[in-house]
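Engineer: The whole structure should be built from the sequences, with the hints applied where relevant.
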Amino acid sequence: MLPERRAESNMNNGTSKNPKYNSQLYASNDEMQRELNLKVLNLLEMAFTPRPTEDQQFLDIGCGTGDFTRDWLLPRCPPCRRIVAVDASEEMLSYARQNSTHSNIEYDYLNVGEDVSAFVAKYGKFDRVYSFFCLNWVKDLAEALKNVSTLLAPSGECLLAFPAWSPTRMLWRKMAQLDRWKKFAKVFEGFVPKSQDLEDDKARVLYLQDALRAAGLEPSTCELLFVRPNFSKPETYIDMQLSLNPAFALATPEEKEALRLDVTQEVLKWTSEGVYSARPSLYLVHAKNQNNKLID
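Heads up: the sequence shown begins at 1 in full-length UniProt numbering, then just goes up one per residue.
Calculated from the structure, these hints are not laboratory results. In this text, all values refer to a predicted model and were calculated from it rather than measured experimentally. Certain hints may be false.
Unchecked claim - In silico lysine to aspartate or glutamate, DMTMM-like type, Cα no more than 20 Å apart, as pairs:
no.	residue 1	residue 2
1	K182	D67
2	K139	D201
3	K256	D239
4	K183	E257
Structural biologist: In structure tokens form, the structure reads like this:
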């Protein structure tokens, strides 16, 4: 059994180690992310090198509640020994183990921003690494990509999709400016990636290219896709924002109601032109591991 690794937050100093989620709220409001994930898979699933063996193992980093891994990723993968699906949130993993079980999927804890050597010793290397909407939660993208390279077998491949500039992070910073949410300011800022603050789209692409190069990952696809948020169902979008908000699970019931009101007020402004300081964008990467040295 894994030792308990709760997504802890020390409210005395406002710092946060791992995000803490309401997994049920997230599972009920992940449709928009799922749609983008499927577009990415449909676009690039044929880009992987065919390997006619069922002994392969794949890794899904940031599996969340596990429904996407089981219901959409696994059916699109070639026959394999297993998918190891990991997350840095014990709440998410608990939900996944209870609601998204499959004989070919094993759920486990992994924070891709931390040392992964013990995880590699436990499972070995992976022929493929998938990650959707996860690497934007890591402050040090270069270190996370080096860990992806470490997790990959020689000539293994990865498919990564994650926000480069996100209105969600813009929202968190606006919330942190309000007196009632200042105590969460460091929690919010702890999950804002460097790409959020880069000068423009060109700088964001160069930042990713440099990090991939340093990690020994050779991209065949390295793109910045522009995503227009769907406001056709504002309540769904608001609930999605709350499900991703690192302060929501830490707040008291009274604070949750106040946070919902503040998030709603801000999100309803997003339908106006010029409300964003940058274009919402998504990194899309398909890359091969160029580091062929095996770890003993």
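Engineer: Does the structure keep K183 and E257 at a Cα separation of 20 Å or less?
Structural biologist: 17 Å, holds
Engineer: So if I understand the rule, the pair passes when the alpha-carbon distance is 20 Å or less; does K256 with D239 pass?
Structural biologist: 12 Å, holds
Engineer: What's the verdict on K139 and D201, does the C-alpha distance respect the 20 Å limit or exceed it?
Structural biologist: 19 Å, holds
Engineer: Is the straight-line distance between the alpha-carbon of K182 and that of D67 20 Å or less?
Structural biologist: Violated, because 34 Å separates the two Cα atoms, which is more than 20 Å.
Comparing the model with each earlier hint shows a violation of hint 1 alone; every other hint is respected.
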